[in-house]
Amino acid sequence: MELVCPAGNLTSLKAAIDNGANCVYTGFRDDTNARNFAGLNFSEADLAKGIDYAHRRGGRVFVAVNTYPQAHSFERWCAAIDRAAKFGVDAVIIADAGLMDYAARTHPDLRLHLSVQGSATTCDAINFYQEQFGVRRAVLPRVLTVQQVAKLIERAKTEIEVFGFGSLCVMVEGRCALSSYVTGQSPNTAGACSPASAVNWQTTSKGLESRLNGVLVDRYADGENAAYPTICKGRYRVEDETYYAIEEPASLNTLELLPELVRIGVAAVKIEGRQRSPAYVAEVTRTWRSAIDACLADPGAFGVREEWTERLAALSEGQQQTLGPYNRKWR
Amino acid sequence: MKIALGPLLYAWSGDEIARFYESVEKQPVDIVYLGEVVCSRRRGFRPEDWLDTAGRLAAAGKEVVLSSLALLETNADLRAMRKLVANGHYRVEANDMAAVAALSEQRTEFVGGPHLNVYNNATLDLLVRHGLRRWVPPVELPRSSLAHLLRKNGSGAECEVFIVGRMPLAMSARCFTARRHGLEKDACENVCEKYPDGLALATRDGDAFLALNGIQTQSSSVCNLVAELPALRELGVAAVRVSPHSTGCLETVALVRAALDGALSPQDAAQQVEGLLPGPACNGYWHGKPGMDNLALTG
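These protein sequence lines map, in sequence, to chains A and B.
Here the numbering used here is used: the first residue of the first sequence is -13, the next is one more, and so on.
Here the numbering used here is used: the first residue of the second sequence is 79, the next is one more, and so on.
Calculated from the structure, these hints are not laboratory results.
Just so you know, even glycine gets a beta-carbon here, dropped at the ideal spot from N, CA and C.
Treat the hints with caution; some may be incorrect.
[Said to hold, decoys possible] Straight-line alpha carbon distances no greater than 30 Å define the calculated BS3-like cross-link-like pairs of lysine-lysine that follow: (1) B:367 to A:315; (2) A:72 to A:192; (3) B:272 to A:137.
[Stated by the list, open to error] Footprint (simulated), chain A over chain B, 3 or more residues, beta carbon under 8 Å: (4) 171 to 179; (5) 193 to 201.
[Said to hold, decoys possible] Looking from chain A toward chain B, a few residues come up when the C-beta cut is under 8 Å (computed): (6) 54; (7) 58; (8) 61; (9) 83; (10) 84; (11) 130; (12) 134; (13) 166; (14) 183; (15) 185; (16) 186; (17) 222; (18) 253.
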């Protein structure tokens, strides 16, 4: 089982490789990828250095071109694919079917992965991408239970990659327009969710308020931990109750499921967080490397070590963790 | 331009659904989408009930399209989808790539729903090669992008635009209506039947924000592009979609018809539609702005 780690820049890439990542995933500095944040992502020169660094150490580099090309500028997304191919990346991660078609026809030797943003939740959908474009791996949306993932793997004609740790998208990836409803920018159109430029923090007589383009996402009493105002993780009023109506700020952590994920044939576990610091990437990668090695050595004897849990808890949103949709009861 | 009644997105009781579509038979609607798009657990209408309704609407001269579930999770969901695709009578609206695959394999022409993510001509052309003959763009697509898509569209595929209704914005494995009631999704007691136009979610200031509809999250404000009918026609849009709500839906259809026939100005029709909607109007997406914005009617 491969460990796939996030690299928002060259320093993070090195941190991931040095701490045991098998693969890292990156993006170019524009809206062709789903982490289009200021100061993040790779220039051509950095990508070349990153690929060299990883390859010399037996690692692989993926490039995410996983937003949806907009009608006026399809060529720009094609250019991103061409650039990735020219630099010899080990795979490109794509969501849009039209772009996938372009990549398959223009670069027949380029390894294609179906992005989580492609919203493929069934073997039928995944096999369609495999048959049409020769896709080799699909990243599953955070939707299915472990049992459902197992059934999907039985019939899928590609490798399956699942999310193991990091920020949890509550909504099916590639099918969420909450962010553009409020700010005009969504993951699909701009590679951004709840963009920082729309965030406003204000101390009021009622408490500290976080707003997104004027919409009150949450309000904190003294002593409460304030979280980044992602729309799906705010507190709202429904009927007579105010609560986390969609989801609490919490990180996905599937460490305890590792033996099960290995058993059912998951090819790779992905760590979310290209927007996170190199120190975060190093710590999460190191912890997951230890856990995967322990699990592969003796799956039957695998138990989650307390030190892993503590390290990951300290790096989690609101210091809370969840199994998310892998656990039937979460749904 | 044709008027389409989109699939019913809410959980109504069987009687309510039957009554609603009985009244649709006599309405000036050209296309009617039928079937469950949001949640396979809903029991108001079974597949046989939808087919009965389809037969009556087809006999009344409507083009009937059967809509597929947008989020497939289980093998049972897949089996139901394949059965829908193989129905032999009616066109299918594909709301997921698995449905596209099944339709393509059968060489059956289909409609592409708003969840297929057609943002560019390459994807549109690809789907046309697999049998797409009409498609509904994502609700967040602005007019400028649609204009580009239609200008470059040499495939002959028709475009249908979502013009009235609470907009489906997101889907999840989690049921937010069950969550509100402290129920697990697998034992939800079909509690969403209590909310015929979705469960209102407001900010802590009490401002209406979203509508929870089971696993789907919708806008609280209601899309109203009726004033844009001339612009839509000019772009070459073939059909406009009205999404069903529990009240005012058929009156809305009549107003859209009147505007299309020139019996009423689009601005007047838009204003009258606004009074019928379950929430304040919005049209931001069309203008390339945040979807919740409501830009003043012009002209």
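Item checked: Hint validity - residue 253 of chain A Cβ closer than 8 Å to any chain B Cβ -> 21 Å, violated
Item checked: Proposed interface contact between residue 84 of chain A and chain B, which counts if any beta carbon pair is under 8 Å -> 3 Å, holds
Note to self: Given the hinted pair residue 272 of chain B and residue 137 of chain A, is their Cα-Cα distance within 30 Å?
What the structure shows: 34 Å, violated
Checklist line | Verdict on chain A covering the segment 193 to 201 of chain B, where coverage means 3 or more residues with a C-beta closer than 8 Å | finding: holds (count 7)
Next item on the list: Using 8 Å as the Cβ threshold, decide whether residue 83 of chain A counts as touching chain B.
Entry: 5 Å, holds
Next item on the list: Take the segment 171 to 179 of chain B, compare each residue's beta carbon with every beta carbon of chain A, and decide whether three or more fall closer than 8 Å.
Entry: holds (count 5)
Margin query: Interface hint check: residue 166 of chain A, Cβ to nearest Cβ on chain B, cutoff 8 Å. Holds or violated?
Written below: 5 Å, holds
Notebook entry, point to check: Under the criterion of a CB-CB separation shorter than 8 Å, is residue 183 of chain A in contact with chain B as hinted?
Noted result: 12 Å, violated
Checklist line | Status of the hint placing residue 186 of chain A at chain B (closest C-beta pair under 8 Å) | finding: 14 Å, violated
Notebook entry, point to check: Going straight from one Cα to the other, do residue 72 of chain A and residue 192 of chain A come out at no more than 30 Å?
Noted result: Answer violated: residue 72 of chain A to residue 192 of chain A is near 55 Å, above 30 Å.
Note to self: Please verify whether residue 367 of chain B and residue 315 of chain A have alpha carbons no more than 30 Å apart.
What the structure shows: 37 Å, violated
Check: Given residue 222 of chain A was flagged as interface, is its beta-carbon under 8 Å from a beta-carbon of chain B?
Finding: Where the cut-off is 8 Å and the nearest Cβ of chain B is about 5 Å from residue 222 of chain A, the hint holds.
When each numbered hint is compared with the structure, violations occur for hints 1, 2, 3, 8, 14, 15, 16 and 18.
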